[in-house]
Every structure is written in C-alpha cells, then in structure tokens.
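Novice: Each chain is listed here by its residues.
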Amino acid sequence: MKGFGKYIIFLGSLVVRRETFKTYYTLTLEECVHIGIKSILLFMLVSTFMGAVTTIQTAANLVSPFVPRFVIAQVVREMTILELAPTIMAIIYAGKVGSSMSGGLGTMRITEQIDALEVMGINSSSYLVLPKIVASLLMYPLLVIVSAVCAIIGGYMVGSLTGSLTSTEYIYGIRYGFNPYFITFALIKSFVFAFLISSISSFKGYYTHGGALEVGIASTNAVTTSIIAVLLADYFLAYLLL
Amino acid sequence: MIKINNISKSFADKVILSGISSEFDKGKTNLIIGSSGTGKSVLLKCIVGLLQPNTGVVYYDLRNFTEADKEMKSEIRREIGMLFQGGALFDSKNVEENVMFPLNILTIMPEDEKLTGLTFV
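Heads up: the sequence lines are chains A and B, in that order. With the numbering used here as the guide, the letters of the first sequence map in order to residues 1 to 242. With the numbering used here as the guide, the letters of the second sequence map in order to residues 243 to 363.
Source of the hints: derived by calculation from the structure; they are not laboratory data. Bear in mind that the values here come from a model prediction, so they are computed numbers and not experimental data. It cannot be assumed that every hint is accurate.
Using 35 Å as the maximum straight-line C-alpha spacing, the simulated DSBU-like pairs for lysine-lysine come out as follows [what the hints assert, rightly or not]:
1) K312(B) with K22(A)
2) K6(A) with K256(B)
3) K282(B) with K335(B)
4) K335(B) with K268(B)
5) K6(A) with K282(B)
6) K38(A) with K96(A)
7) K6(A) with K270(B)
8) K6(A) with K268(B)
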C-alpha cells in the first residue's frame, strides 16, 4: 500500500509546476518517434505471425462438417480485436518500451541527472515523465490498430496459402456479424494499458537507488509490475464493458 | 548570503550531520573539507534541497528555503548552480545542448536574440 500511495503522489507531481507548452510539445514528439515509430516493425512482425498462427490453430480445431469454414476468420477477428492486439501487444510493449523508459530514468537517477534538473528548479518528474505518458497514450492505440490489421492480413495470407479456407470465405468471415463496439472496447483497453505501462515503468525507473545493478532490477520490476497491472486491468475492463 | 542553522540529517539510525551552523557570504569562496564519508555531499544536498534535513533551516538571502513551498523552492533553485561530482551532464545531449539547456528552459528570450551555446563555451 505504501508503494501504491507513492505511485499516486508521483502521478500528482506530474501535473504541478509544469514547464512551457513548447517544451512539452518538443519532448512529446521525440518520445512519439522513440516509442511509436521505432516499434512499428516489431509490432507488425509479431502481429502478422500471431494472426497466421491463430488461423492455422483454429482451422486445425474446427474440423466438424457442421461448422462452416468462414467461422475460422470470425474467430481470428474476435481474438485479434478483443485480446491479441491490445493485450498481448501490451506485454510486448512493456518489454520493449517499458523497460527502456525505466532503464533510461534509472540511469539518469544514479548519474545525478535528475538531481541536476531539480537543482535548476525544474520539476524533473513532470519534465521527464509527462511526455513519455502522453506519447504512449498517443502512439499505443495506433500501434494496436496497426497490429490488428497485420494480424488479420497474416491470417488471410496463411489461410489462402495453406488452403485452410478460401479468400472469399476469409473475407466473408471477417465481415460476418461484425460488432463495431469491439473496436471501441479495444481502443479503451489500449489507452488504459498505455497509461499503466508508461506510468508504472517511469515510476520504477524514477525511484531507482544504487548503481547499474539496481537499474537492471528496476527495469525487470517495471516490466513484471506493468504486465500484472495490464492483466488485472484487462479482466476488470472485460467485466465492466462487455 | 546563504545561512544554515542547526542542520541535522540522519539515515535510519546513522547520524550524518548533527547541528551544523554556518554562513556563506556573497562574493567569498567557501570550502567544506573533510575525509570521505563525513557528510560533505549530504550537507550540500541539504543546502540545495535535494535532501530534507531532519532539523534546522537553510536561508537564502533571509528567505527560509527549508520551509518554503514547492513554488518558492523552485524559484530559489533557479538562482542556484551546482556542479555534481560525476558531472551529471545529460548524456543524451551534445555539449552545446547541455550548455544551452538551462537557457532554453529557464529563460524567455526571442529566438533571434538567443545566444548559441558555442558562444558561451
């Protein structure tokens, strides 16, 4: 509970004694490139294979003559939009971006760069962390959309290549019984996960003490805590919104 | 002038500073000398507010820094320069960006009047 209280105080410190809008604008754009643009390839690669594997495994399990083949595409669509794109990608995001945030801030802490900011009268938490959180909130939902599209394309390619189902069946299945609310739900989840991962990772990095070994420990803690928070939030969001 | 009055600082049971008082006059060079682990850095960090002393007060030109609110502390800190033992340079920035950093952040100056870091160096 003490740690949670410290986390809440940390979040409060982000919005007081702020610098100028221009400062945050520049920093946020830099973070967007670092967080978003540099993660796109990894997200596309993982998502494409995820969609492909989901298609193959669903096709292998739906062998009943009473189940039409287009149901495979329907299953891929629902799994991708509801869970794989927002949640599994959040775990990858925590591993790539969360550990980077935590490690960066931890190194700044142990090399007294954060102290130097404080001595200059700059609110170091707001200056360093707020742009990371804002950039995450902007970029992660976009990454989730890219991921969902790639997963569906991956499923389409594998379905066509392996002959599990025809292109027509796949496209029919993707469109059949589509509920647009699931997209809204996935985007809500992505905003929540982006906030949790960026804030928890920054929190862990910002309060690092010691040396290089502790920076590594802080990064590991950031990833594990973020993933646990994401999974808990996933359960509660599904319970509340579906 | 910086005045410190009865500064004490301890970490858990270990007392680092006990009842330190002194005055640092403007225009004078003051030295704090001591062997390793005697609390020189802790005293400096208490003076600039990076550590909160357990007892005692720090004054900057008669302004109570220790009990000031965050806004006031921030204002006073903008008058302070501190060189850290390890340099504490922003390693993600180059030399010019490091030199220009406080100018860009803390001063309001039109772009055409803003001096380049190289001029300062």
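Novice: For the pair supplied as a hint, K38(A) and K96(A), confirm whether the alpha-carbon distance does not exceed 35 Å.
Specialist: Judged against 35 Å, a Cα distance of about 10 Å means the pair holds.
Novice: Tell me if the straight-line CA distance from K282(B) to K335(B) falls inside 35 Å.
Specialist: holds, 29 Å
Novice: Could you grab the alpha-carbon distance between K6(A) and K256(B) and see if it respects the 35 Å cut-off?
Specialist: Roughly 24 Å between the alpha carbons, so the hint for K6(A) and K256(B) holds.
Novice: With the threshold set at 35 Å, check whether the alpha-carbon distance from K312(B) to K22(A) stays at or below it.
Specialist: Roughly 22 Å separates the two Cα atoms, so the pair holds.
Novice: Hey, K6(A) versus K268(B), does the alpha-carbon distance stay inside 35 Å?
Specialist: violated, 39 Å
Novice: Given the proposed pairing of K6(A) with K282(B), does the C-alpha separation stay at or below 35 Å?
Specialist: holds, 29 Å
Novice: Would the pair K6(A) and K270(B) pass a check requiring their Cα atoms to be no farther apart than 35 Å?
Specialist: Judged against 35 Å, a Cα distance of about 41 Å means the pair is violated.
Novice: Holds or violated: K335(B) with K268(B), Cα cutoff 35 Å?
Specialist: holds, 33 Å
The structure fails to meet hints 7, 8 from the earlier list, while all remaining hints are met.
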